[in-house]
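Peer 1: Order-wise, the sequence lines are chains A and B.
Taken in order, the first sequence gives residues 1 to 200; the numbers are from this note's numbering.
Taken in order, the second sequence gives residues 1001 to 1200; the numbers are from this note's numbering.
Hints were generated in silico from the structure; no laboratory data involved.
Warning: the hint list may mix true and false statements.
Pairs of lysine-lysine residues, derived as DSBU-like cross-links and limited to a Cα-Cα distance of at most 30 Å, are as follows [unchecked claim]:
| # | chain 1 | residue 1 | chain 2 | residue 2 |
| --- | --- | --- | --- | --- |
| 1 | B | LYS1085 | A | LYS145 |
| 2 | B | LYS1145 | B | LYS1036 |
| 3 | A | LYS85 | B | LYS1123 |
| 4 | A | LYS3 | A | LYS43 |
| 5 | B | LYS1036 | A | LYS62 |
| 6 | A | LYS36 | A | LYS118 |
| 7 | B | LYS1043 | B | LYS1118 |
| 8 | B | LYS1123 | A | LYS47 |
| 9 | B | LYS1085 | A | LYS62 |
| 10 | A | LYS85 | B | LYS1062 |
| 11 | A | LYS47 | B | LYS1003 |
| 12 | A | LYS145 | B | LYS1003 |
| 13 | A | LYS85 | B | LYS1118 |
| 14 | A | LYS123 | B | LYS1123 |
| 15 | A | LYS62 | A | LYS47 |
| 16 | A | LYS123 | B | LYS1118 |
| 17 | B | LYS1062 | B | LYS1123 |
| 18 | B | LYS1043 | A | LYS118 |
| 19 | B | LYS1145 | A | LYS43 |
| 20 | B | LYS1145 | A | LYS3 |
| 21 | B | LYS1003 | A | LYS3 |
| 22 | B | LYS1123 | A | LYS145 |
| 23 | A | LYS145 | B | LYS1118 |
| 24 | A | LYS43 | B | LYS1085 |
| 25 | B | LYS1003 | A | LYS85 |
| 26 | A | LYS85 | B | LYS1085 |
Residues from chain B that keep clear of chain A, each with C-beta distances beyond 12 Å, as calculated [what the hints assert, rightly or not]:
| # | residue |
| --- | --- |
| 27 | LYS1003 |
| 28 | LEU1020 |
| 29 | LEU1023 |
| 30 | ARG1029 |
| 31 | ILE1034 |
| 32 | ASN1050 |
| 33 | GLU1066 |
| 34 | PRO1079 |
| 35 | LYS1118 |
| 36 | GLU1121 |
| 37 | GLY1138 |
| 38 | GLY1152 |
| 39 | GLU1171 |
| 40 | GLN1197 |
C-beta: ideal position from N, C-alpha, C; glycine also.
There are 2 protein chains.
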Amino acid sequence: MLKLYEYPSSGNCYKIRLLLTQLEIPFERIPVDILKRESRTAKFLSKNPNGRVPLLELEPGKYLPESNAVLYYFSQETPFFPTDKFEQAQVMQWMFFEQYSHEPYIATSRYWISILRKPEEYKQALEQKQPLGYAALGVMEQQLKEHPFFVGNNYTIADICLFAYTHVADEGGFDLTGFPAILDWINRVKQQPNYIQITA
Amino acid sequence: MLKLYEYPSSGNCYKIRLLLTQLEIPFERIPVDILKRESRTAKFLSKNPNGRVPLLELEPGKYLPESNAVLYYFSQETPFFPTDKFEQAQVMQWMFFEQYSHEPYIATSRYWISILRKPEEYKQALEQKQPLGYAALGVMEQQLKEHPFFVGNNYTIADICLFAYTHVADEGGFDLTGFPAILDWINRVKQQPNYIQITA
Chain A
1 MLKLYEYPSS GNCYKIRLLL TQLEIPFERI PVDILKRESR TAKFLSKNPN
51 GRVPLLELEP GKYLPESNAV LYYFSQETPF FPTDKFEQAQ VMQWMFFEQY
101 SHEPYIATSR YWISILRKPE EYKQALEQKQ PLGYAALGVM EQQLKEHPFF
151 VGNNYTIADI CLFAYTHVAD EGGFDLTGFP AILDWINRVK QQPNYIQITA
Chain B
1001 MLKLYEYPSS GNCYKIRLLL TQLEIPFERI PVDILKRESR TAKFLSKNPN
1051 GRVPLLELEP GKYLPESNAV LYYFSQETPF FPTDKFEQAQ VMQWMFFEQY
1101 SHEPYIATSR YWISILRKPE EYKQALEQKQ PLGYAALGVM EQQLKEHPFF
1151 VGNNYTIADI CLFAYTHVAD EGGFDLTGFP AILDWINRVK QQPNYIQITA
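The shape of chain A in the complex, shown without the other chains (with noise of 0.2 Å):
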């Protein structure tokens, strides 16, 4: 069977979470504790030196890191993944969007805010993350106001990859209440087949 490596609450662990539970294929669930810099031993450095989770093990002694390839790897030849050649670059498009221009910036003030729960250690940071994070979802707004899904009219990896941070946002103290394309999209997701929280 699979093994997902992960820290469960982790936007990016979750992100392959949803898409296997979605496409029903079972997987195992390993815990690391990034916390305690279990993501940094060696044992776990010599399955993926780049030291991060999540990161897949296809079978034994095949590792694929990288939330996106997993999710990249996974949806070819399935509805997530759009047949259109230039449709499935605008799916990369934003998936290499969230991970540059929105992931280090939601994803890393919820953690230090919500996970490490060290707002006051962070607070400079976190001053500096806020106009940046607000600019992505600025950006993520704009295309949800003319479309219902990042690319075409489907539900795809690039919905899966964006929700994953950005329905937790809050806890990164990012306020949505200015963005309701964003929020109507957030709820057409939450309403797909086989849909699992992030807590699940």
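Since the structure of chain A is provided, determine the placement of chain B on it from the hints.
Peer 2: Only chain B this time, still in chain A's reference frame:
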């Protein structure tokens, strides 16, 4: 003809020039001076709401941002993208690694030192970036010790993607002499057919 909106010394823009040249696909270069905030004008934001270069115009009004999404689009069904499903996912893995664990440290340091030419102003931030950039180089060195290229035995868009900022890492204050496998790989990339320099 394809139009590439770019800031010429940007490694992210160079990635696209390198692949399109190697594929012998003609394109027009349209300079966007990011130092003059030309990527943040209303006109540019109407093309790419995220306000970044590179941006590719495939046909009038049809735009694709995100350097690695553009690499993905043009590499499909060419030798620059593997046919094996797992190797395809490994290409994704390295491209997401590049945008999350490499570019924010090595490219950003290069930008402050060699493009803005303000190393003193960014001294403290540069010191924070150094260990994280070297960590990314360490992960690359480990992979390249045992493999000629990042995925399989062939030169792919994973190599183009990581080459862009790695081969000019010295311009960001990174010393590659401790990374012999990376230096050998840089030479292998430079020997690929239709190779062009970042300054070309």
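Peer 1: Hint by hint, work out which the structure violates, then give me just those numbers in ascending order.
Peer 2: Hints 1, 2, 3, 5, 8, 11, 13, 17, 18, 21, 22, 23, 32, 33 and 37 not satisfied by this model.
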